[in-house]
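Just so you know, the sequences run in chain order R and V.
All residue numbers for the first sequence refer to the numbering used here, where the first residue is 440 and numbers rise by one.
All residue numbers for the second sequence refer to the numbering used here, where the first residue is 440 and numbers rise by one.
No lab work stands behind these hints, which were simulated from the structure alone.
Bear in mind the structure is a predicted one, so any value in this text is a computation, not a measurement.
Don't take every hint at face value.
All copies of an identical chain are treated as equivalent in the list; a pair is satisfied when it fits inside any one copy or across any two copies.
[To be verified] Dumping the calculated BS3-like pairs for lysine-lysine here, alpha-carbon to alpha-carbon at most 25 angstroms:
(1) Lys-684 - Lys-657
(2) Lys-534 - Lys-497
(3) Lys-530 - Lys-657
(4) Lys-657 - Lys-635
(5) Lys-612 - Lys-494
(6) Lys-607 - Lys-493
(7) Lys-534 - Lys-498
(8) Lys-657 - Lys-677
(9) Lys-493 - Lys-457
(10) Lys-534 - Lys-611
(11) Lys-655 - Lys-684
There are 2 protein chains.
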Amino acid sequence: MNEMIETILNHRSVRSFKDEPLTEEQIKIIISSAQSASTSSYIQAYSIIGVTDKKKKKKLAELAGNQSYVELNGHFFVFCADLYRHEVVGKMTGKDVISSIESTEKFMVALIDTALAAQNAALAAESMGLGICYIGGIRNNLEQVCKILKTPDRVIPLFGLAVGYPNKETTKKPRLPFEHVYHENEYCQDAEIYMKQLESYDQVVSSYYQERTMGKRKDTWTGQIANMLERQSRMYMKDFVQSKKMNLR
Amino acid sequence: MNEMIETILNHRSVRSFKDEPLTEEQIKIIISSAQSASTSSYIQAYSIIGVTDKKKKKKLAELAGNQSYVELNGHFFVFCADLYRHEVVGKMTGKDVISSIESTEKFMVALIDTALAAQNAALAAESMGLGICYIGGIRNNLEQVCKILKTPDRVIPLFGLAVGYPNKETTKKPRLPFEHVYHENEYCQDAEIYMKQLESYDQVVSSYYQERTMGKRKDTWTGQIANMLERQSRMYMKDFVQSKKMNLR
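Chain R with its partners taken away, still in its complex shape (with noise of 0.2 angstroms):
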């Protein structure tokens, strides 16, 4: 196994960082893998916002739900779905693009460029002995990081990135089942099967909970996710994302 794959299946979020800024080099390298990654036809439909303002951060971090690693962090990137971009290129060359960059499809791949940037980013980090954080709480009112990071219409800012050197080591969460995950030729809908395998996978995570807090937490995976699911959330988004042009027709 080389260095590379290792650092890919060691991953874990880190929520404890310490006081140390990143580097203007090591912003660079970041930002530069961001844009290494694939983008669909070319089309690079992302932009990152770096957040050093020290309130900008704070603000930040109530609105993702109180997360104290939003404000403390070696650097705090958010990464945003952009087609304002695309726009600007329409009026530059004279051709209508509305239609397009209005469209689910066109909302699709600014959401999927954008992640595949990011994650080139966090591998970036990560094999530089950094930790990183995924940050989707930013969505939980995403009116008001729009204007904190003043971002016009057809950018959404889709997750924070909160990346620094790890206050502590964490543990790695047990994933679903290979088999689960990845079918040949055909998606499995065979519910026996289907179930079985969720239902092992519930005792593995359950034994991860429970080795992990001496027994007092002994939540499965599908316990966890139908809680959360059940509890509904951001369900402005739809109206959000389209009040900002996006996903419209």
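With chain R's structure known, arrange chain V on it following the hints.
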């Protein structure tokens, strides 16, 4: 610069592969790498389908716009956003998760989760000396792709990933200027700066094409992107995604 960052920065898409299938071991490493990516609240909202059946590969290559490398490669993966799994979780636990999994928020989560996993897979492959190419072309006709792969509702094949030993060296396409993609503290909307950056990038891209084609091709980035967006494509996507019971509310 470490080896991982070198691999990341050295990425280029490969569109011609040697006739040498990946080993079981390589496939396992690629899938495990995909699964090691961060996942929003542990939701793991994706599945991966490896297509080895020759007829299916041929058909997918046609649907993707006659891209031969979809058929001829070391292995062809299809990455799918998957919330069907979570519908099953709802049934197993007796919780009502439907509103949640039909939301635009969870549609976004599934897309991001899938793309993060895919980029890990892509990099793991590249670190093993393999080449990769993302195939967005499968979105030309998802109804057909879903039939071939027998995916249930709430599963959307997002893109393919062709992997294999490269037949020839390809070149690296220049990316948008660093200052254009990376903002500090707020999104720079200054129209003059914004357009100047794109104009200077146009020159870089144009030189790249000229050099590569001995002067035959002189496309700028803005020109290329404007043409692509003006044409419109896959405008059926909104209805299609909603017919699969995602992005509904």
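Margin query: Tell me the numbers of any earlier hints that the structure contravenes, in ascending order.
Written below: 1, 2, 5, 7, 8, 10 and 11
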